[in-house]
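Residue numbers (numbering that gives the first Met the number 0), protein chains in the order written: chain A, 0 to 347; chain B, 0 to 347; chain C, 0 to 347.
Mixed in with the good hints, there may be bad ones.
Identical copies go unnamed one by one, so any copy, or any two together, can satisfy a pair.
The calculated lysine to any residue pairs, modelled on SDA-like cross-linking and capped at a C-alpha distance of 20 Å, are [what the hints assert, rightly or not]: (1) LYS333 / ARG323; (2) LYS333 / TYR89; (3) LYS53 / PRO34; (4) LYS329 / ARG319; (5) LYS53 / SER291; (6) LYS276 / ALA61; (7) LYS276 / GLU307; (8) LYS192 / ASP243; (9) LYS192 / ALA75; (10) LYS192 / ALA41; (11) LYS329 / LEU87; (12) LYS53 / LEU2; (13) LYS276 / ALA48; (14) LYS192 / GLU148; (15) LYS53 / ALA66; (16) LYS53 / ASP24; (17) LYS276 / PRO296; (18) LYS329 / ARG313; (19) LYS276 / ASP292; (20) LYS192 / LEU49; (21) LYS53 / GLY17.
Calculated from the structure, these hints are not laboratory results.
Now for the letters of each chain:
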Amino acid sequence: MSLSLGEIAARFGCELHGDPDGVVDRVATLANAGPDAVSFLANPAYRAALADTKAGAVLVSADDAQACPVPALVCADPYVTYARVATLLYPPHLPESGVSATATVDESARVPASASVGPGARIGAAVVLGEHAAVGPNCVVESDCSLGEGTRLLANVTLCRGVRLGARCLIHPGAVIGADGFGIARAPEGWIKVPQVGSVTVGDDVEIGANSCVDRGAIEDTVIGDGVRIDNLVQIAHNVRIGDHSALAAMVGIAGSTEVGRRCLLGGASGVVGHVKIADDVILGGRCMVTSDIREPGMYGSAMPHQEIAVYRRNVARFRQIDRMARRLKQLEKALGIGRGIGRQGSD
Amino acid sequence: MSLSLGEIAARFGCELHGDPDGVVDRVATLANAGPDAVSFLANPAYRAALADTKAGAVLVSADDAQACPVPALVCADPYVTYARVATLLYPPHLPESGVSATATVDESARVPASASVGPGARIGAAVVLGEHAAVGPNCVVESDCSLGEGTRLLANVTLCRGVRLGARCLIHPGAVIGADGFGIARAPEGWIKVPQVGSVTVGDDVEIGANSCVDRGAIEDTVIGDGVRIDNLVQIAHNVRIGDHSALAAMVGIAGSTEVGRRCLLGGASGVVGHVKIADDVILGGRCMVTSDIREPGMYGSAMPHQEIAVYRRNVARFRQIDRMARRLKQLEKALGIGRGIGRQGSD
Amino acid sequence: MSLSLGEIAARFGCELHGDPDGVVDRVATLANAGPDAVSFLANPAYRAALADTKAGAVLVSADDAQACPVPALVCADPYVTYARVATLLYPPHLPESGVSATATVDESARVPASASVGPGARIGAAVVLGEHAAVGPNCVVESDCSLGEGTRLLANVTLCRGVRLGARCLIHPGAVIGADGFGIARAPEGWIKVPQVGSVTVGDDVEIGANSCVDRGAIEDTVIGDGVRIDNLVQIAHNVRIGDHSALAAMVGIAGSTEVGRRCLLGGASGVVGHVKIADDVILGGRCMVTSDIREPGMYGSAMPHQEIAVYRRNVARFRQIDRMARRLKQLEKALGIGRGIGRQGSD
Numbered sequence: 000m001s002l003s004l005g006e007i008a009a010r011f012g013c014e015l016h017g018d019p020d021g022v023v024d025r026v027a028t029l030a031n032a033g034p035d036a037v038s039f040l041a042n043p044a045y046r047a048a049l050a051d052t053k054a055g056a057v058l059v060s061a062d063d064a065q066a067c068p069v070p071a072l073v074c075a076d077p078y079v080t081y082a083r084v085a086t087l088l089y090p091p092h093l094p095e096s097g098v099s100a101t102a103t104v105d106e107s108a109r110v111p112a113s114a115s116v117g118p119g120a121r122i123g124a125a126v127v128l129g130e131h132a133a134v135g136p137n138c139v140v141e142s143d144c145s146l147g148e149g150t151r152l153l154a155n156v157t158l159c160r161g162v163r164l165g166a167r168c169l170i171h172p173g174a175v176i177g178a179d180g181f182g183i184a185r186a187p188e189g190w191i192k193v194p195q196v197g198s199v200t201v202g203d204d205v206e207i208g209a210n211s212c213v214d215r216g217a218i219e220d221t222v223i224g225d226g227v228r229i230d231n232l233v234q235i236a237h238n239v240r241i242g243d244h245s246a247l248a249a250m251v252g253i254a255g256s257t258e259v260g261r262r263c264l265l266g267g268a269s270g271v272v273g274h275v276k277i278a279d280d281v282i283l284g285g286r287c288m289v290t291s292d293i294r295e296p297g298m299y300g301s302a303m304p305h306q307e308i309a310v311y312r313r314n315v316a317r318f319r320q321i322d323r324m325a326r327r328l329k330q331l332e333k334a335l336g337i338g339r340g341i342g343r344q345g346s347d
Numbered sequence: 000m001s002l003s004l005g006e007i008a009a010r011f012g013c014e015l016h017g018d019p020d021g022v023v024d025r026v027a028t029l030a031n032a033g034p035d036a037v038s039f040l041a042n043p044a045y046r047a048a049l050a051d052t053k054a055g056a057v058l059v060s061a062d063d064a065q066a067c068p069v070p071a072l073v074c075a076d077p078y079v080t081y082a083r084v085a086t087l088l089y090p091p092h093l094p095e096s097g098v099s100a101t102a103t104v105d106e107s108a109r110v111p112a113s114a115s116v117g118p119g120a121r122i123g124a125a126v127v128l129g130e131h132a133a134v135g136p137n138c139v140v141e142s143d144c145s146l147g148e149g150t151r152l153l154a155n156v157t158l159c160r161g162v163r164l165g166a167r168c169l170i171h172p173g174a175v176i177g178a179d180g181f182g183i184a185r186a187p188e189g190w191i192k193v194p195q196v197g198s199v200t201v202g203d204d205v206e207i208g209a210n211s212c213v214d215r216g217a218i219e220d221t222v223i224g225d226g227v228r229i230d231n232l233v234q235i236a237h238n239v240r241i242g243d244h245s246a247l248a249a250m251v252g253i254a255g256s257t258e259v260g261r262r263c264l265l266g267g268a269s270g271v272v273g274h275v276k277i278a279d280d281v282i283l284g285g286r287c288m289v290t291s292d293i294r295e296p297g298m299y300g301s302a303m304p305h306q307e308i309a310v311y312r313r314n315v316a317r318f319r320q321i322d323r324m325a326r327r328l329k330q331l332e333k334a335l336g337i338g339r340g341i342g343r344q345g346s347d
Numbered sequence: 000m001s002l003s004l005g006e007i008a009a010r011f012g013c014e015l016h017g018d019p020d021g022v023v024d025r026v027a028t029l030a031n032a033g034p035d036a037v038s039f040l041a042n043p044a045y046r047a048a049l050a051d052t053k054a055g056a057v058l059v060s061a062d063d064a065q066a067c068p069v070p071a072l073v074c075a076d077p078y079v080t081y082a083r084v085a086t087l088l089y090p091p092h093l094p095e096s097g098v099s100a101t102a103t104v105d106e107s108a109r110v111p112a113s114a115s116v117g118p119g120a121r122i123g124a125a126v127v128l129g130e131h132a133a134v135g136p137n138c139v140v141e142s143d144c145s146l147g148e149g150t151r152l153l154a155n156v157t158l159c160r161g162v163r164l165g166a167r168c169l170i171h172p173g174a175v176i177g178a179d180g181f182g183i184a185r186a187p188e189g190w191i192k193v194p195q196v197g198s199v200t201v202g203d204d205v206e207i208g209a210n211s212c213v214d215r216g217a218i219e220d221t222v223i224g225d226g227v228r229i230d231n232l233v234q235i236a237h238n239v240r241i242g243d244h245s246a247l248a249a250m251v252g253i254a255g256s257t258e259v260g261r262r263c264l265l266g267g268a269s270g271v272v273g274h275v276k277i278a279d280d281v282i283l284g285g286r287c288m289v290t291s292d293i294r295e296p297g298m299y300g301s302a303m304p305h306q307e308i309a310v311y312r313r314n315v316a317r318f319r320q321i322d323r324m325a326r327r328l329k330q331l332e333k334a335l336g337i338g339r340g341i342g343r344q345g346s347d
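This is chain A alone, in the form it adopts within the complex (with noise of 0.2 Å):
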């Protein structure tokens, strides 16, 4: 497929700096666009590649379009427009429709003639598909399942009984829907299970990443809201509540019954204690962990970053000793006669 620059202008919003029926067929880095391509600078870091480009064209701000070499498309939000062009250059590569000749479908399901049930997919009892629904290679649904219009597993997905999924969500490869939240119960004769009779509700547009999981509830449903994107290796415990359009990166681990909030974006490899509530519009650092409520919107770290080892044995070392090393300033304090150590406010 090609677009002309004034079919992009006029398409997307943009104002075109450059003539229009330059033409674009694929996109590029700012370093390795050709004049076939159509890049994009949207990350400050990236600034010095655009001298040099020998893009077709570039969508770039306002504010980069005098410094931009080749035809310019100047728009409010580069990187949006860029995946808004992107996904008109590349459309989604969607399956045939039709049922695999080697998947095995149970008789009650109801799989529309729009939607596509790969080789060796496993469809269990009273499973509902949505139109152009899809159900990628070795996917296997178990009973009760519902899959919203265009919503798609990639291949070897998981999805227990009775999740529901809503419209136009993408599951990646080998992600576990619905699977037993971590229940037990200590008995004298050790761990009993807890039955998760629960199940998991994922509204629509949702993404949810390679390996990750997301377990049904213990009694009532794991739900992830509208808009939610998960990326690869997340897990997100029994009773976890996803509000509506939250993003978490890979690697993101939220315990049981915790509620984060709308919008949050929630950093690679950060983590959440069970049974509290994040406010919309939070943000976590990478790898931070959270162990209370947070009732504030903004952003919150705690991950220690790297240092050279014997920096670094040494701060850990004197971590170990803080308290101490906390006392004695108060006890220099009070001998001195100054400051916090003569009591004035008696917190430490």
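Once you have looked at the hints, place chains B and C on chain A.
Below, chains B and C without anything else, positioned relative to chain A:
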């Protein structure tokens, strides 16, 4: 299925405050229960919900019996009793016995008539399934594996060659048991693989979560004791030994050759370095990292909790100076002729 | 298979102290070896076990040869030599060549007679398998992928569209290579997906662990160099580049566009933020988090080690006060007219 309160009381040793002919047929939370549901109060955080519950009955400890506005089933451990009642109301969904037409079973495998092999499952040579064992859809069981009586693999599970599972185990979707341990040796030409010739031995009544990995041993076996419960996305490296009845929450990682004692509780995303020993009855807080032997039972932690980002950044910057701070503190003490600064202990 | 000690010595350049006609046919640990087994001593922690070993022979360095009570095979690097001997005694279990009757192979795929396609595997359009390549049971290989000579996918692996693997790679069960990178743009109506139009290029002799994920690039490819070894549950984000012969232990996470040098060793659960560069020959301790470029080879750390819970809680509370402590320290220095407190450097 429905149960009278009298039956519940008799079967599980509860003292019933209320009408023994009351009937329940499902479980529910205190907040959402109706008269057809039995609920429970185990976590004091939910005590407020007790006053307003509309449940048909509530499992409570003696301390909470008075405050229960509906029939109370008084017992020593309401959560354990809840687990037993719920198991009765919600028996596990067992697959039908028999081998699916689309399964591929090696002719040397032993599959009793009571066992179940699901669609698309692969059973390798010399595999032995116990009575009522179940291999779910699209699972792969490589040669020489054995599953004890009643052990079930759900969907898309992989058991590599020679893995032995005890009786009544439950392995959740996507789990991989017996993949090669990470054994590599640095030769002049690059890494060379160290053959992993051990396997994995799993005891009875073990649960392993979705997408978790238990690696095979380098020479001898990796060993998971009886009654161990493992959550999702957990990594157990080669030659680890997990003692009986320990529980590992999601995203725990245990490095090679480490031994974890019995009845340990490892919090979410906690981890242990290789070649150490952890005593029985140790509890690790969430994200705790264990870097050496733990010889005493009790609880341990190391995670840094979240802080508002500006505070966090200042504190992290100071952490990088902590060794210098400690030396400055000592110098002050020396100047004042007090405390440790005069060299009383000398260790810092 | 069995080997005489003379053969081992000759083939692997060892100096034999003992009878060349002694024979071994398996490997064992020092503690559990019998006269039919060859063992090795590489980790000094196991030196005590050498004195009591009953092994048929032990691979040792020159320093340990004297202390060996049984035949010694003296070599420069006992662990590397052990790996070579064990590889001879335990050749990999290769599947039989041929396409399983239950596999689904697109007619445009090229599958040489020496290759193996296991039960339930799916091979998409235009896939090219090298000689002796193997696609294990229930794997899914999407269209346009290529596998080099001798490359093997074990069970339940997913290769997404267009992924290229070099020769002699080994991909463990459940790994997902080429899923979409986590590219999302925040539009007024919610997140919109940024098409991930790059793919993944993997070099020769690469190993990727169970349930690990390597995402496809946003525009250009994600690149894994030759000889790279990746353990289980590792996350490699879009456009990461891993240099030749680096090794990543389990649960490592590398965020987008980061470049890791050659011969790096990334400890378990360590992580690197996006858009940074790590030099060659860098070693990260377990759980180390890298937050900026590392330009110098050497070892780095940042993990906080476990502490008994009461001590930990006091120290964590103090950590939250550390910035205040530093300012109090400075005030004391000022009061005493000593040290940095008088503004010698001003940086704190």
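Comparing the hints with the structure gives:
Proximity of LYS333 and ARG323 under a CA criterion of 20 Å is satisfied in both settings, with 15 Å inside one chain copy and 16 Å between copies. When the C-alpha separation of LYS333 and TYR89 is checked against a cutoff of 20 Å, the pair qualifies neither within a copy, at 70 Å, nor between copies, at 65 Å. Taking CA atoms no more than 20 Å apart as the test, LYS53 paired with PRO34 passes inside one copy only; the shortest distance there is 6 Å, against 70 Å between copies. Taking CA atoms no more than 20 Å apart as the test, LYS329 paired with ARG319 passes in both settings, with 18 Å inside one copy and 16 Å between copies.
Proximity of LYS53 to SER291 under the C-alpha cut-off of 20 Å is found in neither arrangement, the shortest distances being 51 Å within a copy and 30 Å between copies. In the homo-oligomer, the alpha carbons of LYS276 and ALA61 never lie at most 20 Å apart, since the shortest distance is 40 Å inside one protomer and 30 Å across protomers. With identical chains, the CA atoms of LYS276 and GLU307 are at most 20 Å apart between copies only, with a shortest distance of 16 Å across copies and 36 Å within one. In the homo-oligomer, the alpha carbons of LYS192 and ASP243 lie at most 20 Å apart only across protomers (16 Å), although the nearest pairing inside one protomer, at 32 Å, exceeds that limit.
For the identical chains of this complex, LYS192 and ALA75 are inter-copy neighbours only, at 18 Å across copies versus 54 Å inside a copy, given an alpha-carbon limit of 20 Å. In this homomeric assembly, LYS192 and ALA41 come within 20 Å of each other (Cα to Cα) only across copies, at 16 Å, whereas the closest approach inside a single copy is 50 Å. Proximity of LYS329 to LEU87 under the C-alpha cut-off of 20 Å is found in neither arrangement, the shortest distances being 65 Å within a copy and 60 Å between copies. Taking the shortest Cα distances, LYS53 and LEU2 sit within 20 Å of each other inside one copy (17 Å), while across copies they are farther apart (63 Å).
Taking the shortest alpha-carbon separations for LYS276 and ALA48, only the inter-copy value of 18 Å comes in at or below 20 Å, while the best intra-copy value is 43 Å. In this homomeric assembly, LYS192 and GLU148 come within 20 Å of each other (Cα to Cα) only across copies, at 18 Å, whereas the closest approach inside a single copy is 35 Å. For the homomeric pair LYS53 and ALA66, the shortest alpha-carbon distance inside one copy (13 Å) is at most 20 Å, but the shortest distance between copies (68 Å) is not. In the homo-oligomer, the alpha carbons of LYS53 and ASP24 lie at most 20 Å apart inside one protomer (14 Å), although the nearest pairing across protomers, at 63 Å, exceeds that limit.
For the identical chains of this complex, LYS276 and PRO296 are intra-copy neighbours only, at 12 Å inside a copy versus 32 Å across copies, given an alpha-carbon limit of 20 Å. Taking the shortest Cα distances, LYS329 and ARG313 sit within 20 Å of each other only across copies (15 Å), while inside one copy they are farther apart (23 Å). In this assembly of identical chains, LYS276 and ASP292 lie within 20 Å of each other by CA distance solely inside one copy; the values are 5 Å within and 34 Å between copies. Taking CA atoms no more than 20 Å apart as the test, LYS192 paired with LEU49 passes in neither setting, with 59 Å inside one copy and 24 Å between copies.
In this assembly of identical chains, the alpha carbons of LYS53 and GLY17 lie at most 20 Å apart only when taken from the same copy (14 Å versus 70 Å across copies).
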